[in-house]
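Chains as they are written, first to last, in this note's numbering: chain Y, 92 to 428; chain D, 92 to 428; chain R, 60 to 485; chain W, 60 to 485.
Misleading hints may appear alongside valid ones.
[Claimed, not checked] Below, in silico cross-link-like pairs of lysine to aspartate or glutamate (EDC-like), each with a Cα-Cα straight-line distance of 16 Å or less:
(1) Lys225/W - Glu402/W
(2) Lys483/W - Glu311/Y
(3) Lys356/Y - Glu290/Y
(4) Lys423/D - Glu78/R
(5) Lys175/W - Glu481/W
(6) Lys137/D - Glu475/R
[To be verified] According to the in silico footprint, chain Y covers these stretches of chain W (three or more CB under 8 Å from chain Y):
(7) 71-77
(8) 86-99
(9) 102-110
(10) 146-160
(11) 216-230
(12) 446-453
No lab work stands behind these hints: they were computed from the structure.
The structure displayed is predicted, hence computed values, not measured ones.
Ideal Cβ positions, reconstructed from N, Cα and C, are used throughout, including at glycine.
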Amino acid sequence: MTVRNMIQALNDAHHVMMERDDNVVVLGEDAGYFGGVFRVTEHLQKKFGTSRVFDAPISENGIMATAIGMATYGLRPVAEIQFADYIYPGFDQIVSEAAKIRYRTAGEWFVPMVIRSPYGGGIFGGQTHSQSPEALFAHVAGLKVVIPSNPYDAKGLLISAIEDDDPVVFFEPKRIYNGPFDGFFDRPVTPWAKHPDAEVPDGYYTVPIGKARVVKEGPELTILAYGTMVHVALAAAEAAGIDAEVIDLRTIVPVDIETIEESVKKTGRCVVVHEATRTSGFGAELAALVQERCFYHLEAPVVRATGWDTPYPHSLEWAYFPGPIRLGNAFKKALED
Amino acid sequence: MTVRNMIQALNDAHHVMMERDDNVVVLGEDAGYFGGVFRVTEHLQKKFGTSRVFDAPISENGIMATAIGMATYGLRPVAEIQFADYIYPGFDQIVSEAAKIRYRTAGEWFVPMVIRSPYGGGIFGGQTHSQSPEALFAHVAGLKVVIPSNPYDAKGLLISAIEDDDPVVFFEPKRIYNGPFDGFFDRPVTPWAKHPDAEVPDGYYTVPIGKARVVKEGPELTILAYGTMVHVALAAAEAAGIDAEVIDLRTIVPVDIETIEESVKKTGRCVVVHEATRTSGFGAELAALVQERCFYHLEAPVVRATGWDTPYPHSLEWAYFPGPIRLGNAFKKALED
Amino acid sequence: MSNDSERPNRPALSLHVPEPPARPGEKPDFSWVQVPAAGSIRRPDVTAPAQETHEHCYSLVRVIDEAGQAVGPWDPRLSPDLLRKMLRDMNVVRQFDERMFRAQRQGKTSFYMKSKGEEAIAVAAAAALDFDDMCFPTYRQQGLLVARGYPLVEMMNQIYSNKGDKLQGRQLPIMYSDRKHGFFSISGNLATQVPQAVGWAMASAIKGDSRIAAAWIGDGSTAEGDFHAACTFAGVYRAPVILNVVNNQWAISSFSGIAGGQLTTFAARAIGYGIPGLRVDGNDPLAVYAATQWAADRARANLGPTLIEMFTYRKEGHSTSDDPTGYRPKDEPDNWPLGDPIERLRQHLTVLGEWDDDRQAALDAEIDGEVRGAQKEAEANGVLRAASLDFPQDVRTMFEDVYAELPWHLKEQQAEMVAELEAKKA
Amino acid sequence: MSNDSERPNRPALSLHVPEPPARPGEKPDFSWVQVPAAGSIRRPDVTAPAQETHEHCYSLVRVIDEAGQAVGPWDPRLSPDLLRKMLRDMNVVRQFDERMFRAQRQGKTSFYMKSKGEEAIAVAAAAALDFDDMCFPTYRQQGLLVARGYPLVEMMNQIYSNKGDKLQGRQLPIMYSDRKHGFFSISGNLATQVPQAVGWAMASAIKGDSRIAAAWIGDGSTAEGDFHAACTFAGVYRAPVILNVVNNQWAISSFSGIAGGQLTTFAARAIGYGIPGLRVDGNDPLAVYAATQWAADRARANLGPTLIEMFTYRKEGHSTSDDPTGYRPKDEPDNWPLGDPIERLRQHLTVLGEWDDDRQAALDAEIDGEVRGAQKEAEANGVLRAASLDFPQDVRTMFEDVYAELPWHLKEQQAEMVAELEAKKA
Ligand SMILES: Cc1ncc(C[n+]2csc(CCOP(=O)(O)OP(=O)(O)O)c2C)c(N)n1
Ligand SMILES: Cc1ncc(C[n+]2csc(CCOP(=O)(O)OP(=O)(O)O)c2C)c(N)n1
Ligand SMILES: [Mg+2]
Ligand SMILES: [Mg+2]
């Protein structure tokens with residue numbers, strides 16, 4: 092057991108899996124010699140050599156395509172997209188190829204690859220270093236979408252993703268790489284060291300894909316969140332004095348419907364939280380699912396607290412970000428009537 | 092007034108707008124000399140010359156990018172993507188550029204372009220000639236998304252789209268190019284000639300973007316649909332003997348929330364229909380909106396009747412397609428209790 | 060924006076849109092095609108640096124001369140048996156194409172694509188590659204499967220999406236896939252397979268394997284970003300891969316000039332990436348063989364990729380959905396200056412004394428029987444029925460293989476579908 | 060898949076991953092850089108076909124020789140006044156960069172990017188282009204704005220995202236945009252601007268306008284599909300556009316070999332597309348000017364695009380977020396064999412007798428005053444405050460310009476946000 096921040100935990104997952112399985116290879120822009128702009132792949136090249144860990148040309152399309160080719164060969168590539176905002180040039184290969192090769196070959200080929208990418212805002216990155224495009228991938232059958240919220244899960248989920256025989260889009264909330272940011276931007280952020288989920292076992296372990304975690308039980312309200320927003324939700328509920336049940340989805344496809352249903356049926360109220368733009372965001376799917384499945388238990392509409400339907404602005408970062416006040420308002424709305 | 096099928100109506104919209112405005116130009120794969128694989132741009136090159144109507148290299152990325160460049164110059168390009176399934180190589184230019192240029196330049200530049208693309212299934216096109224990716228664009232702030240369901244609207248909406256100062260993704264349900272397919276694949280399709288909405292005015296007129304149309308009033312149930320599914324919904328409701336209110340959204344972003352709310356508040360029941368895969372589809376957004384805004388009027392959960400969460404299979408086309416039985420089951424569910 | 064700005068000293072610009080030399084109603088014009096004599100271009104050592112192939116990017120590797128003789132340094136000196144196998148394979152492809160085209164016209168399936176005139180490109184490549192080298196084809200390399208002995212009946216099952224279709228009816232006809240025969244799943248999305256081939260080849264190198272990859276892409280599709288990614292990554296990592304650009308002059312209704320073909324050759328793209336390039340007479344089976352072999356030798360020696368332009372002509376419509384008389388002269392195919400690959404190999408074998416008309420007639424009849432037999436067998440598994448609920452596949456299969464295991468939502472949808480079908484049938 | 064298949068006769072493959080000549084701790088090594096003598100390469104007529112520039116793709120257009128003289132056919136013979144303006148502009152850029160870098164370090168903004176060593180590429184191009192030719196830059200061509208007289212204070216307002224920022228604080232610092240100065244909005248997404256420039260140029264041609272476009276892209280970014288699209292479309296439609304590849308040897312931590320730079324030059328990409336290409340000493344302002352002028356003349360004469368590789372070196376870190384000593388020798392910048400663009404122009408002017416140390420000192424002081432003055436003025440509009448609700452912009456502006464008009468959902472969100480802010484402030 093070692094205290095690790097998210098970067099260290101993710102780095103460790105790579106080490107563990109590269110040691111266990113020769114077929115695991117790592118590629119990405121600046122991911123080789125330098126170890127990635129966020130240093131998640133640091134030291135790997137030195138340890139495993141350039142033919143298993145290497146820098147890639149600035150072509151997200153080429154990175155996705157060659158990783159798919161490697162995966163069909165039998166490797167397990169872990170490909171880094173430097174920022175989620177830059178995943179779009181590779182979108183066709185992900186959507187038309189990675190997601191569909193197993194299906195269209197009736198299982199003859201499959202694509203056990205992981206697409207890792209730092210995502211989300213909160214770091215004054217402007218509109219091209221802050222996006223949360225998870226909903227775009229959630230809509231594509233054949234992809235799994237995983238978003239960890241803490242070092243323990245980050246390592247365990249990344250190991251599961253690498254072992255998974257299907258393509259996994261693995262978004263890393265960069266705002267919490269170094270500490271569990273809770274949305275109170277005007278307070279200092281506690282480092283991970285002070286957080287129980289930074290106790291990361293050494294060596295191999297997994298956190299299963301498709302299983303949510305009830306981070307905090309509570310009778311009044313169910314809050315569905317993932318990534319950075321788990322911490323914001325916890326803090327906002329506390330600030331609002333609401334005894335909420337906070338669920339960290341961890342995986343959004345396939346989503347853990349049982350845990351969600353059980354909770355909402357208990358609380359009768361639900362707020363869905365994400366940083367991404369609202370319209371057609373994954374919150375819509377969650378709201379749709381919850382009302383489909385828990386309609387007769389719901390005492391109020393499912394409320395969404397999300398980023399606005401605008402690009403992520405630079406100077407107005409904290410007006411865009413769904414912080415404690417926006418969440419608090421949403422909680423209030425869900426608790427009305 | 093001339094009777095036109097959808098292809099003819101769309102072609103006519105091009106003629107009208109290219110005559111009215113020198114800045115309207117047309118490009119796309121096979122869109123020039125040949126007039127497009129579905130012939131929507133037929134005769135345009137002959138009439139308006141190669142420098143206003145031209146074939147493009149097979150690079151959806153390049154088509155989007157150069158059209159954006161043209162639009163920032165001041166032209167109004169209408170760019171055809173041969174099948175919606177092939178829009179993904181151009182996804183980055185659409186999402187990161189077309190959608191965001193007005194915002195990031197504070198209005199100094201904008202992108203008045205139309206991205207036309209045949210979409211949807213029902214023609215045994217297999218998984219790469221059948222997709223309905225509208226939700227992916229609905230999630231991107233800065234784009235408008237329009238989907239006509241008949242010749243009259245097709246022409247009027249395309250004219251509005253060309254005149255619109257923002258980028259418009261214009262999906263043309265190819266299954267109904269030649270007739271209002273109602274989902275009963277085992278019956279002959281009536282041609283447009285027999286349909287009132289095939290009476291298309293000659294010359295200029297518009298159908299406004301952002302306004303839905305109540306295709307059929309009814310007290311029992313609100314059905315939200317667009318494109319091909321409008322006809323399937325009408326037929327399915329009739330087959331099920333339900334006096335439903337069928338709303339043709341026509342535009343999904345911005346969606347006509349007033350018409351939706353008014354109807355659902357009246358009927359208290361709502362079924363959302365689309366051909367696209369279900370998870371994180373635009374139906375999720377509709378369900379989320381309806382339950383957010385009409386919760387206290389709803390007598391049952393909003394039900395989704397959609398394509399399955401799989402790629403579009405070839406031989407099982409009619410098992411994938413949300414036809415009258417699937418819709419009928421959904422209606423029944425929404426009318427329960 | 061404005062064209063009314065004050066720039067009196069600047070001339071007005073205008074847009075250039077390339078036009079093919081002839082449109083319907085005009086006389087076909089191939090005067091622009093330069094045909095160097097067979098045997099006229101040297102064969103560099105496989106270890107030669109990329110620059111030594113610059114001239115090859117503007118010429119044509121040709122082996123069979125007008126008299127049917129194999130000449131020059133690129134002559135691969137193949138045994139008559141192998142030549143006869145290649146001739147046979149090409150004939151099988153052509154007859155197969157004819158029959159399946161007709162089957163589509165008879166309403167037995169939704170779609171078909173022929174490779175007429177381009178058979179050598181797949182068949183001769185297959186002959187030059189090892190059986191376990193991995194192919195990433197487009198929809199016009201059915202010859203790879205034929206040459207590698209994939210059963211015709213399997214191909215037809217796929218085309219009919221019938222109950223014998225190993226792809227479960229999921230794919231559009233002709234989108235074959237067969238791992239055992241080293242034939243990667245054809246994608247409907249053009250060009251995607253090329254950088255995938257590069258990745259596969261990189262993987263082979265990473266693992267210290269000895270198998271190489273080969274990819275094919277059409278002239279029109281080279282405009283896609285995937286092609287650029289493929290050339291870039293292949294060059295940078297010296298991937299053991301052969302990148303074939305099949306320049307058949309047309310991309311549906313667009314001639315190769317719309318992809319840049321009037322500016323330079325497609326082989327010359329190689330120069331831009333600093334990798335070796337060859338421009339090959341794609342209708343000369345020996346030239347195709349020789350170029351493939353040269354590129355394969357380079358790849359196997361860890362010398363990296365080769366880009367080959369296979370210069371050929373698409374003799375028929377793009378697919379069953381296309382009528383080429385709408386955009387090119389009706390008789391353009393007959394005027395293609397580089398002949399027909401089957402005829403040329405047949406002439407060569409005849410000149411060698413290894414073939415004659417009787418043998419050809421016997422072969423034709425034999426193949427006819429084979430193809431008919433396969434068709435009969437395949438049709439016993441059913442043909443595509445577009446307006447029926449009597450599906451060839453169990454509807455439950457529709458939900459399989461989206462993921463390795465069915466997640467809950469697909470299980471639910473599967474159950475819903477089963478119920479729906481029961482309702483429908485009721 | 061397997062590397063254990065039975066292939067005894069085939070050697071094992073291995074992956075090649077390019078490595079730069081020197082890493083931290085090693086001696087910088089530029090022995091691979093071939094520096095042809097200034098004036099040694101001919102200047103083809105602008106009407107010459109693309110092939111006549113093949114040799115230019117492998118050489119370097121250079122004008123200022125070691126002694127500071129302008130020599131050879133590419134000497135653009137500029138007036139001393141223009142040379143002094145260029146010298147001044149480059150100096151402004153360098154001082155501006157220094158100050159803004161420091162401002163970031165002082166916490167006044169989130170991010171900054173310098174162009175040190177690459178100033179000539181923007182400044183000399185601006186001098187050679189018409190004022191109303193349209194530029195599609197990357198983040199390292201701030202020199203275009205400076206040279207075209209865009210107010211420094213406006214640039215700084217943007218960098219500070221303050222209330223004077225005409226972009227409403229929406230963009231990351233240095234992502235300028237100014238229509239009046241023909242400077243297209245910089246995108247965070249690499250390479251996207253290049254095919255857009257081609258489209259803009261096509262539009263200019265469609266309208267019979269006379270303005271041309273110019274685009275810049277980094278060496279690393281040439282790997283993006285956008286670059287391929289740009290070259291393809293520009294060639295096919297003969298777009299009046301100049302495509303500049305700024306090869307500054309590095310892409311963050313990746314050296315140019317990762318983009319294919321060890322295989323051939325970036326200028327040679329032009330050969331692959333059949334368009335003219337030039338490789339230019341990017342640290343020689345006269346060479347940059349001359350090449351730009353040549354390409355502009357071609358474009359204006361409706362002869363289509365030119366691809367220019369500007370061969371240079373990124374002297375500093377990629378951005379304020381980067382420390383280059385982690386991946387290259389600390390003293391690598393000092394060993395760049397082609398000198399510093401400012402020093403070289405200064406030397407040239409001095410040799411001409413049109414400049415001296417006193418004038419330089421005066422200029423430095425003058426610019427220092429200007430930049431300081433601008434900074435003061437900009438800071439009066441505020442600097443970025445990362446942890447404050449006292450936003451420089453009205454929060455309502457956040458919802459504007461997503462569309463031409465606010466749709467209902469943005470109106471609702473705007474109202475929600477206003478309420479939220481009031482609650483926050485309460
Ligand atoms: C990404 C993508 N864009 C467009 C299409 C539609 N399409 C199918 S085949 C084709 C023409 C391809 O021409 P070429 O590459 O020359 O190959 P050929 O058909 O001549 O063998 C087009 C445009 C597609 N399948 N995929
Ligand atoms: C599409 C995309 N991918 C990745 C990035 C991250 N990124 C920003 S700058 C950069 C390096 C660019 O190098 P180069 O093109 O050589 O330009 P230079 O910085 O040297 O001027 C990278 C990878 C990005 N901004 N956009
Ligand atoms: Mg072709
Ligand atoms: Mg660079």
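Each hint, compared with the structure:
| no. | hint | result |
| --- | --- | --- |
| 1 | Lys225/W - Glu402/W | 34 Å, violated |
| 2 | Lys483/W - Glu311/Y | 24 Å, violated |
| 3 | Lys356/Y - Glu290/Y | 32 Å, violated |
| 4 | Lys423/D - Glu78/R | 58 Å, violated |
| 5 | Lys175/W - Glu481/W | 44 Å, violated |
| 6 | Lys137/D - Glu475/R | 51 Å, violated |
| 7 | 71-77 | holds (count 3) |
| 8 | 86-99 | violated (count 0) |
| 9 | 102-110 | violated (count 0) |
| 10 | 146-160 | violated (count 0) |
| 11 | 216-230 | holds (count 7) |
| 12 | 446-453 | holds (count 6) |
Figure legend: structure checked against the earlier numbered hints; hints not met, in rising order: 1, 2, 3, 4, 5, 6, 8, 9, 10.
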